[in-house]
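**Q** Below, each chain spelled out in residue letters.
There are 2 protein chains.
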Amino acid sequence: MSKRIGKQTVRLSEKVSILSAASTVGPKEAEGPLSKYFDQRVEDIYFGEKTWELAESKFVEKNMGLAIQKANLKPKDIDYVLCGDLLNQCTGSTFGIKNLEIPFFGLFGACSTMGESMSLGAMLIDGGFANYVLTGASSHFCAAEKQFRFPLPLGTQRPPTSTWTVTGDGAVVLSRKGDGPKIVEITTGKIVDMGVTDANNMGAAMAPAAVALLKAHFEDTGRKPQDYDVIATGDLGTVGRQLVVELMEKEGYDMDSRYTDCGIEIFDAKKQDTHAGGSGCACSAVTFCAYFYPKLVSGEIRRMLFIPTGALMSPTSSQQGQPIPGIAHGVVIEGCKKGAK
Amino acid sequence: MSKRIGKQTVRLSEKVSILSAASTVGPKEAEGPLSKYFDQRVEDIYFGEKTWELAESKFVEKNMGLAIQKANLKPKDIDYVLCGDLLNQCTGSTFGIKNLEIPFFGLFGACSTMGESMSLGAMLIDGGFANYVLTGASSHFCAAEKQFRFPLPLGTQRPPTSTWTVTGDGAVVLSRKGDGPKIVEITTGKIVDMGVTDANNMGAAMAPAAVALLKAHFEDTGRKPQDYDVIATGDLGTVGRQLVVELMEKEGYDMDSRYTDCGIEIFDAKKQDTHAGGSGCACSAVTFCAYFYPKLVSGEIRRMLFIPTGALMSPTSSQQGQPIPGIAHGVVIEGCKKGAK
Numbered sequence: 127m128s129k130r131i132g133k134q135t136v137r138l139s140e141k142v143s144i145l146s147a148a149s150t151v152g153p154k155e156a157e158g159p160l161s162k163y164f165d166q167r168v169e170d171i172y173f174g175e176k177t178w179e180l181a182e183s184k185f186v187e188k189n190m191g192l193a194i195q196k197a198n199l200k201p202k203d204i205d206y207v208l209c210g211d212l213l214n215q216c217t218g219s220t221f222g223i224k225n226l227e228i229p230f231f232g233l234f235g236a237c238s239t240m241g242e243s244m245s246l247g248a249m250l251i252d253g254g255f256a257n258y259v260l261t262g263a264s265s266h267f268c269a270a271e272k273q274f275r276f277p278l279p280l281g282t283q284r285p286p287t288s289t290w291t292v293t294g295d296g297a298v299v300l301s302r303k304g305d306g307p308k309i310v311e312i313t314t315g316k317i318v319d320m321g322v323t324d325a326n327n328m329g330a331a332m333a334p335a336a337v338a339l340l341k342a343h344f345e346d347t348g349r350k351p352q353d354y355d356v357i358a359t360g361d362l363g364t365v366g367r368q369l370v371v372e373l374m375e376k377e378g379y380d381m382d383s384r385y386t387d388c389g390i391e392i393f394d395a396k397k398q399d400t401h402a403g404g405s406g407c408a409c410s411a412v413t414f415c416a417y418f419y420p421k422l423v424s425g426e427i428r429r430m431l432f433i434p435t436g437a438l439m440s441p442t443s444s445q446q447g448q449p450i451p452g453i454a455h456g457v458v459i460e461g462c463k464k465g466a467k
Numbered sequence: 127m128s129k130r131i132g133k134q135t136v137r138l139s140e141k142v143s144i145l146s147a148a149s150t151v152g153p154k155e156a157e158g159p160l161s162k163y164f165d166q167r168v169e170d171i172y173f174g175e176k177t178w179e180l181a182e183s184k185f186v187e188k189n190m191g192l193a194i195q196k197a198n199l200k201p202k203d204i205d206y207v208l209c210g211d212l213l214n215q216c217t218g219s220t221f222g223i224k225n226l227e228i229p230f231f232g233l234f235g236a237c238s239t240m241g242e243s244m245s246l247g248a249m250l251i252d253g254g255f256a257n258y259v260l261t262g263a264s265s266h267f268c269a270a271e272k273q274f275r276f277p278l279p280l281g282t283q284r285p286p287t288s289t290w291t292v293t294g295d296g297a298v299v300l301s302r303k304g305d306g307p308k309i310v311e312i313t314t315g316k317i318v319d320m321g322v323t324d325a326n327n328m329g330a331a332m333a334p335a336a337v338a339l340l341k342a343h344f345e346d347t348g349r350k351p352q353d354y355d356v357i358a359t360g361d362l363g364t365v366g367r368q369l370v371v372e373l374m375e376k377e378g379y380d381m382d383s384r385y386t387d388c389g390i391e392i393f394d395a396k397k398q399d400t401h402a403g404g405s406g407c408a409c410s411a412v413t414f415c416a417y418f419y420p421k422l423v424s425g426e427i428r429r430m431l432f433i434p435t436g437a438l439m440s441p442t443s444s445q446q447g448q449p450i451p452g453i454a455h456g457v458v459i460e461g462c463k464k465g466a467k
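Chains as they are written, first to last, in my numbering: chain P, 127 to 467; chain Z, 127 to 467.
Please keep in mind that the hints were generated in silico from the structure rather than gathered at the bench.
One should not assume that every hint holds.
Identical copies go unnamed one by one, so any copy, or any two together, can satisfy a pair.
[Claimed, not checked] Each computed BS3-like pair below joins lysine-lysine, with the alpha-carbon atoms no more than 30 Å apart:
1) Lys421 with Lys341
2) Lys200 with Lys133
3) Lys464 with Lys196
4) Lys272 with Lys176
5) Lys303 with Lys188
6) Lys129 with Lys141
7) Lys129 with Lys303
8) Lys176 with Lys463
9) Lys141 with Lys202
10) Lys421 with Lys141
11) Lys463 with Lys303
12) Lys188 with Lys376
13) Lys188 with Lys133
14) Lys133 with Lys196
15) Lys341 with Lys202
16) Lys176 with Lys188
17) Lys162 with Lys188
18) Lys196 with Lys421
19) Lys421 with Lys397
20) Lys350 with Lys202
21) Lys303 with Lys421
22) Lys141 with Lys303
23) Lys341 with Lys272
24) Lys176 with Lys141
25) Lys176 with Lys200
26) Lys188 with Lys202
Computed from a predicted structure; not experimentally measured.
Bound-form chain P, shown alone (with noise of 0.2 Å):
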C-alpha cells in the first residue's frame, strides 16, 4: 500500500494526468524567447488594477480561469486548488482565485511553489481524494521589487548576480483521468541552508538546495541525468545553474546539456538586460506550462524532471541578519506517446 520509494521520494499509481497547463504573462515575458508559446501576453503591467498587487490577483483569476477552461470543465468540477505566490500573506492568491469557489489550500514555498503544488496536488489525485486538482503560482516583478529590493522609482542598479521576477501565473488541472502527460514520481525537498545571505543573489542560495533534490532524487530512483530528456530547476539563472552543474559533477554526476534552468529559458539576458536569468514563483510556472508542457503532450519529451526551487526569506529575515534558506521540490513527468495525442 506503500507508495515510498526512498526516504524523500513517492512513485503515484494511478498515474496522474496533466489535463491542461495555461500561461499569462506581462509585457516584459511577452518580448521574450518563449513570446508564442504563451497563452495570453499583458502589455499592460497593471493589468487594468491599481495597484501590482492587484494586478497579480488579476493575472491568478484569469490564468487559472484559462487552465480549467482549456480542460473543459467548470470552477465547480474542480475539488481543490492549491497556489501560492510571494507576496506578503499570499494575498496575490487568495484575491485572484476568491471568486473561484473552490476549496482551496493555500501554499508558501516561495519560488518553489509550482512544483509544491504539483506535489501535493497529484498526491491528492492519486490518493483518492480528488478527482480534478488546479495547481498554479504567481509573481509579479513590481510587487516583487518593491517587496523584497527597492522602490522602483528609485531606479536602483542591480548587480550581475540578480534575476528578474518573471511577471504572470502558470496553472495546470490535475486530473484522475485522461490522456495527457502523467506526474509518475515526486521528490520533497527539505530545506537546505549554506548560511547565504547576499538577497541580490537567489541563485547562490538556492543552488544548494537543487543540489540536495537532484541527489536525493538519483538515490531513490537508481537513475542518471542521461535517464531524462529534460532537468529543468526553476530560477537558478545563468549562476545558479553554473553552481549546479559543478556541485553535481563533484558528487559523480554528469548534469550535460539535457539539463537547463526556467529562468534561463525565458528571458534573453543580454536583450533584455535581466542578468543572471528570471526568478520568481511564476518563472517555473509559466514556463513549464507553455514551453515544456506541449513538448511532453506530443512526446517530443518523453520523461522529464521538474525542480522549481525557492528561497524562504523575507525582508525581515534578512534585516536580522539571517541566511536565505533554499528548497526545492521534484516531480517526475512523462509526456504522452507520440502520435498519441
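Start from chain P and add chain Z according to the hints.
**A** Quick look at chain Z alone, frame taken from chain P:
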C-alpha cells in the same frame, strides 16, 4: 476508490491516528485558564532570542521537537512536515524547522493553518505516501502586532472587538498506525468574502467562513451539531462565536453549548484584558494540542469537529482598501474508546 463523500468532504479509509500532540506557549497563555495543560510554558517572550521573529522560530523548533519526542520518534522517522505561520513569507516556520531536515511543505492558511496542515497531512498518510507526518502552526503576539497593526511601544488602544494573538506553537504527529485519536473526515473550506474591512474585528471577518464550512460539513455528512461532543472553531472569539450561533440559527442549526471557540477557551478575557479572545495560528493549534487532545485520548470526547479559521489579508491589501476574506478548514476527530489507552 474515491474517498469523497460530498462536495467539500472526504472520508479517510485508514483512520489516521494522532500519535502525539505538543504545545509550547508564551507568558500570557501560561497565565490563562489552560495553563496547566500546556507542555511547555516560556516566561520570556523573546525565548532568549534577539527578536520576536526569531523567538517564534524557536517556539516552532522546540515544540516540533517535543511532538516528535512524545511520539517516541526521531526527526528522520518523519516523512513530511507541514506547517505555516503569519509572518511575511512564513519565516517563523522555515527558520524553526530547517534543522529538522524533514521534507517540507510550507503552508499559508493564516489562522486556519492547523486545520490545513492536519487535513493535508492526514491525506498524505491515508493516500499511502507517508507513515509519519508532523503538522503544526505558530504565531507570536509581538511579531504579529508589529507586522499587522501598530508598533507595540505606541501602546495603541485596542477596540473591544479586537483579539489577542497567541504566542506559541502547536504540533501533532500523524501516523498510519497507533491507537491514538483518529482523523476520520476532512471538510475543506472555500474562501468567503463578505466585504468586511475592519482589521480590528477578525471575528466578524472569519465568522461567515466558519458558517459556510459548518453548513457544507453537515450537508456532506448528513449530521447535525448534536452529533458531536465538541465543535471548536479556531479564533473567532466572543464576537465571532456569537455571529456563528446567530447565522447558523437562521440556517436551521442549533449551535448549543457544545460549540466553543479556541479563542474563548485560551484566555480569561476579563482578567487578562484580551477583549474578544485569542487569535493567531497558534490559538487553535495549542488549544487543540493541550486541551482537547487529552480528552480525545481519554475518550471523554468521542467525536469532535475542529475548525481552525483564518483571515486571508495582509497590511498591504487592507491599505489598498481590499476586504478581509475568510477561510475555515474542518477536521473530524474520533476519540479513543474509554479505557482503551
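**Q** A separate judgement is required for each hint: does it hold in the structure or not?
**A** Hints, verified against the model:
{"no.": "1", "hint": "Lys421 with Lys341", "in the structure": "within (26 Å within a copy, 44 Å between copies)"}
{"no.": "2", "hint": "Lys200 with Lys133", "in the structure": "between (38 Å within a copy, 14 Å between copies)"}
{"no.": "3", "hint": "Lys464 with Lys196", "in the structure": "within (21 Å within a copy, 53 Å between copies)"}
{"no.": "4", "hint": "Lys272 with Lys176", "in the structure": "both (15 Å within a copy, 27 Å between copies)"}
{"no.": "5", "hint": "Lys303 with Lys188", "in the structure": "within (25 Å within a copy, 43 Å between copies)"}
{"no.": "6", "hint": "Lys129 with Lys141", "in the structure": "both (12 Å within a copy, 17 Å between copies)"}
{"no.": "7", "hint": "Lys129 with Lys303", "in the structure": "both (19 Å within a copy, 16 Å between copies)"}
{"no.": "8", "hint": "Lys176 with Lys463", "in the structure": "neither (46 Å within a copy, 57 Å between copies)"}
{"no.": "9", "hint": "Lys141 with Lys202", "in the structure": "both (23 Å within a copy, 28 Å between copies)"}
{"no.": "10", "hint": "Lys421 with Lys141", "in the structure": "within (18 Å within a copy, 41 Å between copies)"}
{"no.": "11", "hint": "Lys463 with Lys303", "in the structure": "within (16 Å within a copy, 40 Å between copies)"}
{"no.": "12", "hint": "Lys188 with Lys376", "in the structure": "neither (44 Å within a copy, 35 Å between copies)"}
{"no.": "13", "hint": "Lys188 with Lys133", "in the structure": "between (38 Å within a copy, 24 Å between copies)"}
{"no.": "14", "hint": "Lys133 with Lys196", "in the structure": "between (36 Å within a copy, 22 Å between copies)"}
{"no.": "15", "hint": "Lys341 with Lys202", "in the structure": "between (40 Å within a copy, 17 Å between copies)"}
{"no.": "16", "hint": "Lys176 with Lys188", "in the structure": "within (17 Å within a copy, 43 Å between copies)"}
{"no.": "17", "hint": "Lys162 with Lys188", "in the structure": "within (18 Å within a copy, 51 Å between copies)"}
{"no.": "18", "hint": "Lys196 with Lys421", "in the structure": "within (17 Å within a copy, 49 Å between copies)"}
{"no.": "19", "hint": "Lys421 with Lys397", "in the structure": "within (26 Å within a copy, 65 Å between copies)"}
{"no.": "20", "hint": "Lys350 with Lys202", "in the structure": "between (41 Å within a copy, 25 Å between copies)"}
{"no.": "21", "hint": "Lys303 with Lys421", "in the structure": "within (20 Å within a copy, 42 Å between copies)"}
{"no.": "22", "hint": "Lys141 with Lys303", "in the structure": "both (9 Å within a copy, 26 Å between copies)"}
{"no.": "23", "hint": "Lys341 with Lys272", "in the structure": "neither (35 Å within a copy, 41 Å between copies)"}
{"no.": "24", "hint": "Lys176 with Lys141", "in the structure": "neither (43 Å within a copy, 48 Å between copies)"}
{"no.": "25", "hint": "Lys176 with Lys200", "in the structure": "within (29 Å within a copy, 50 Å between copies)"}
{"no.": "26", "hint": "Lys188 with Lys202", "in the structure": "within (16 Å within a copy, 42 Å between copies)"}
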